[in-house]
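*Asks:* Mind docking chain L on chain S? Use the hints.
Residue-level listing of the chains:
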Amino acid sequence: MEMFIDPHIHVTSRTTDDYEAMRKAGIVAIIEPAFWLGQPRTEAASFKDYFSSLVGWERFRAKQFGIVHYCTIGLNSKEANNEPLAEQVMELLPLYAGKQGVVAIGEIGYDDQTAAEDKFYRLQLELAKEMDLPVMIHTPHRDKKKGTTKSMDVSEEHGLAPNMVIVDHNNEETVKEVLDRGYWAAFTIYPHTKMGSERMVDIVKQYGPERIIVDSAADWGISDPLAVPKTAALMRKMGVPEEHIRLTCYQNALTAYSQSGQMDELDWLNAEPIDQTKKMSGNSVLRGGQVPRVDGPADRVEN
Amino acid sequence: MSISNQVNPIATIILSALSDQVAEKSIVWLAQKREKILLSEKEMDFFMAFSQASRYFKSIPFKLSVDQFHESQALCAGLRMDLWSQLQASRVYLLLQYPAADSASWKSTLQKLFETGDMLEIEALYSALPIMPFAEEMIGRAREGLRTNITSVFDAVALNNPYPSTYFDESAWNQMVVKAIFMQRPLFKIQHAEARANQELADIIIDFAHERWSAGRNVIPELWRFVGPFINSKNIEDLKKVVEEGSELEKRAALLACSMSDFPEAKSLLEKNGEIENEIESGKLNWDWIGEEAMALA
Chain S
1 MEMFIDPHIH VTSRTTDDYE AMRKAGIVAI IEPAFWLGQP RTEAASFKDY FSSLVGWERF
61 RAKQFGIVHY CTIGLNSKEA NNEPLAEQVM ELLPLYAGKQ GVVAIGEIGY DDQTAAEDKF
121 YRLQLELAKE MDLPVMIHTP HRDKKKGTTK SMDVSEEHGL APNMVIVDHN NEETVKEVLD
181 RGYWAAFTIY PHTKMGSERM VDIVKQYGPE RIIVDSAADW GISDPLAVPK TAALMRKMGV
241 PEEHIRLTCY QNALTAYSQS GQMDELDWLN AEPIDQTKKM SGNSVLRGGQ VPRVDGPADR
301 VEN
Chain L
1 MSISNQVNPI ATIILSALSD QVAEKSIVWL AQKREKILLS EKEMDFFMAF SQASRYFKSI
61 PFKLSVDQFH ESQALCAGLR MDLWSQLQAS RVYLLLQYPA ADSASWKSTL QKLFETGDML
121 EIEALYSALP IMPFAEEMIG RAREGLRTNI TSVFDAVALN NPYPSTYFDE SAWNQMVVKA
181 IFMQRPLFKI QHAEARANQE LADIIIDFAH ERWSAGRNVI PELWRFVGPF INSKNIEDLK
241 KVVEEGSELE KRAALLACSM SDFPEAKSLL EKNGEIENEI ESGKLNWDWI GEEAMALA
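Those protein sequence lines, which keep their order, are chains S and L. For the first sequence, my numbering begins at 1 and goes up steadily by one. For the second sequence, my numbering begins at 1 and goes up steadily by one.
In isolation and in its complexed conformation, chain L is listed as follows:
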């Protein structure tokens, strides 16, 4: 097998970016391991290198130039390598070197990596889902990632990752959003939230809100985003309640949800709050703003 034929364009960007920000010995180590992984084809060599990357790369921010970032977007829209760590990037680089003969052997190797990984290793694997070989066959694994209660691992699948919106069916998508709400994750970091909104999800969220309110608890304001396009005669009462009784942030979130709806009562609720309606129209009040504010208050 020829090594040069294996070059993956994302790996090229990672290597070039890492070369600008880590010690030369780390790059030399990476090159040695790459060769070893390609030539030996022994899983163990790959597994050891994947773990021991922590001896050469740190969990500090991985810097990408604007050009490198745009190049990566052309290859995989929504891939947020700019939010990775250097260690994470080095592990994904090694992952992209592993020769995957077919999907069955790739899945079997990845299963072992996932089953024996530490927290940071597993995060690196999930964040690389959209650029993996046979990505379309990793849906089951991604759903498994959503079952974790380790926040950072859940985040690696659900947040700042184009994988879920690209590959998940409605049930997997809804499972993810509901769990993200339950875990109080910053929902604005879920990519393509609007495009994947659906009636079923809106209904589950309304039930969830009722359950929390019965227990005398609050729900995160970002959740109304997923109800907005599905406001109807039934759930409008919930939005009215939030606008009347909620905090300033909750009120804004409920009205922002109303602005996503054509339901007449939602429109009139918005009109009654002209000042906030103006904030929405001017673009000042949007879901990113709500999410950032909610995070600052947490």
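If we strip away everything but chain S, and leave its shape as in the complex, we get:
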């Protein structure tokens, strides 16, 4: 079956119906960037619990549906504007950034492009460098073109290599510069607004598949968790070569984020959970020779 990666989706806000549909559509792995929750947080502990859920509960939820869940850790640009709180969140980040399955610092960058946003963006670029992790940049929805350029300028000022940075939420106006400067260019497919699948097809036709990444950024707003497989289907219909579909809807995201050392194709190709209570024969002192069970509906937990 065709495999997809959705490298930007806020599944915390999605239902199990979505998870089922995603797996059915071929999504094998997802990346959930730390972001804001709609309602602004007022306590550092709310961030702590959120980060913990990204490496804990949500990982488990995804696994029940046969999807491997990774995440990025970061302080988003909107909430960077609450400076006293942002300072406390910065102290939490090192605790999470080094954890298994954390594939980048993100999503970080600019929203209103304020001084506070700039300060915490820079501090987090330094953290990414120190941790040797890629960066996922959220480009602003307003004043996007200038904000995108500035995001890259500042990143370079801090000495990050473009190949370690994924610039997200691109459009026709930003893509050329992002690609020319050597960055990964991610595109969020939004139903109704901004980037639709049709426009995405045109971009892949024009720029080719190199360093282009498709994602859904599905969250608590109007959005489509199946945007990646749907865009792939449209690309096929419109005559985009198979290899270009594979690169933009699977391989490029894997190549970009596996630079973290925390994402490996074997995680889903070889998805048999290593359940230490059911080891294969020979390894156990007391018992051996059982056939491990594949995770499936039987493992879904009643609440």
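I should point out that these hints are in silico values taken from the structure, not numbers from a laboratory. Mixed in with the good hints, there may be bad ones.
The calculated DSSO-like cross-link candidates involving lysine-lysine, where the alpha carbons are at most 27 Å apart (straight line), are [as the list claims (entries may be wrong)]:
#1 S:Lys129 / L:Lys107
#2 L:Lys25 / S:Lys129
#3 S:Lys129 / L:Lys112
#4 S:Lys78 / S:Lys24
#5 S:Lys48 / L:Lys241
#6 S:Lys63 / L:Lys112
*Replies:* This is chain L only, laid out in the frame that chain S set:
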């Protein structure tokens, strides 16, 4: 503080076993982190090392020699390090290095670890409960672990772990078994099930079975193990029903439960099924067998 005074015998076994199965650079890293944790006494150094162990150790089986296994049993009976992963073992090793001045500071450090841990980190912590300093004061934390719906975390507390049978009072024990039944966990991996069986638990289980049957659903056959010693004139009807209407496995489980009882009707129910009674007497049919079969069918 002298480093050599801190050696914990379980940590010694873990280090020696790991040394035989991982790359040398991983052992060097572990030694560096151990020193750092001991000398700095800063929580953050410990927390970072605990997380970043995943960069040096894998989630693949941790192999213990037969001697190492027996040595560990002498130190903590029922500790099943042979079922751990290498990563889990490395994290428990680091945990055992952390200098715990007193129970309050230990509990506070552990609380932070639990609150910020990822799934595998939390599993490692729960599996280490029986060998932790101040283990007897971690009961509240262990009970918190039972409230999770993350199967692997629940299992780390409840299954293949001597902590619950050693430290839980009856209410915590019953809470654990009932939740394990609800989550359809392999009950035969709960240690000392027979020793901790009690009337209250048997009654809760019977109510649970009735509730499930009313909804047209089945219950896991292993559950009858916890009813066996408490068969009485009331619940014998339930066992009869299972023997008459249940699958082959359910029937065997109900009769095995009857063999744990002195209640006359339970004995006669067993006698009526001579073939299965023979399987029980020969030792072929036991709770491990029922559990393994149930797992294979799941």
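*Asks:* Each of the hints needs a verdict: does it hold here or not?
*Replies:* Going through the hints against the structure:
no.: 1; hint: S:Lys129 / L:Lys107; verdict: violated, 33 Å
no.: 2; hint: L:Lys25 / S:Lys129; verdict: holds, 23 Å
no.: 3; hint: S:Lys129 / L:Lys112; verdict: holds, 26 Å
no.: 4; hint: S:Lys78 / S:Lys24; verdict: violated, 34 Å
no.: 5; hint: S:Lys48 / L:Lys241; verdict: violated, 51 Å
no.: 6; hint: S:Lys63 / L:Lys112; verdict: holds, 25 Å
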